[in-house]
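S.K.: Chain order of the listed sequences is B and H. Residue numbering for the first sequence follows the working numbering, beginning at 3 and increasing consecutively. Residue numbering for the second sequence follows the working numbering, beginning at 30 and increasing consecutively.
Hints were generated in silico from the structure; no laboratory data involved. Some hints could be false.
To be verified - Short, incomplete list of chain H residues facing chain B, as computed with Cβ under 10 Å: (1) Phe63; (2) Ile122; (3) Ser126; (4) Gln137; (5) Phe138.
Just so you know, even glycine gets a beta-carbon here, dropped at the ideal spot from N, CA and C.
Letter by letter, the chains look like this.
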Amino acid sequence: GESVGLHLPTLSVQEGDNSIINCAYSNSASDYFIWYKQESGKGPQFIIDIRSNMDKRQGQRVTVLLNKTVKHLSLQIAATQPGDSAVYFCAGGMDTGRRALTFGSGTRLQVQP
Amino acid sequence: GAVVSQHPSRVICKSGTSVKIECRSLDFQATTMFWYRQFPKKSLMLMATSNEGSKATYEQGVEKDKFLINHASLTLSTLTVTSAHPEDSSFYICSASLLGLAGSYNEQFFGPGTRLTVL
Numbered sequence: 003g004e005s006v007g008l009h010l011p012t013l014s015v016q017e018g019d020n021s022i023i024n025c026a027y028s029n030s031a032s033d034y035f036i037w038y039k040q041e042s043g044k045g046p047q048f049i050i051d052i053r054s055n056m057d058k059r060q061g062q063r064v065t066v067l068l069n070k071t072v073k074h075l076s077l078q079i080a081a082t083q084p085g086d087s088a089v090y091f092c093a094g095g096m097d098t099g100r101r102a103l104t105f106g107s108g109t110r111l112q113v114q115p
Numbered sequence: 030g031a032v033v034s035q036h037p038s039r040v041i042c043k044s045g046t047s048v049k050i051e052c053r054s055l056d057f058q059a060t061t062m063f064w065y066r067q068f069p070k071k072s073l074m075l076m077a078t079s080n081e082g083s084k085a086t087y088e089q090g091v092e093k094d095k096f097l098i099n100h101a102s103l104t105l106s107t108l109t110v111t112s113a114h115p116e117d118s119s120f121y122i123c124s125a126s127l128l129g130l131a132g133s134y135n136e137q138f139f140g141p142g143t144r145l146t147v148l
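So here's chain B without its partners, still in its complex pose:
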């Protein structure tokens, strides 16, 4: 079945630096991928998405890169701020069938002031 996973459980960066959070997926059936941010005790918050026919998508301070050849997804956060500290999940979804999201294991981002 489809699965999505992450390389690193914790990432610590200095305030102002750029952060890169990685995600690997084993099944190329996903039609799109989404990055979510989850703060402690809260539900996931949408950050940015990318469809499987795209390589890159940019948002405000965030960029998602998709490398289908190696089945790798990354989230880049520019000028990381203390408010960016949270757990980040990637999730894959399909346009047809079950339509549910499959979540990766998550990476905790810690921003040091």
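With chain B's structure known, arrange chain H on it following the hints.
M.R.: Relative to the frame of chain B, chain H by itself:
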């Protein structure tokens, strides 16, 4: 933007009792609602998919008689944890799916979650 609420946000109950968690889409009609479970420092695990007016589809390993899901309207789904035990303690999160425009996917909007503690 689309808002999803959950009630209660926290609940503590005794072992053997049943607990009902509500999930509401506040400003849109949700074609589908999903229920997830999350253990501390773990990812979200899909429990079931709920469509209005039909029976929920449960994921493998999830007991449908223990986790009762009712999707009575396009804005409300409920999850009832029956005969709760300490191992049912977890963070339960719902999401509501809005039918997307042609060419887009059905975006999910997540609720804030419900922390269940069973003593």
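S.K.: Which of the numbered hints are not met once you compare them with the structure shown?
M.R.: Of the numbered hints given earlier, the structure breaks none, since each of them holds.
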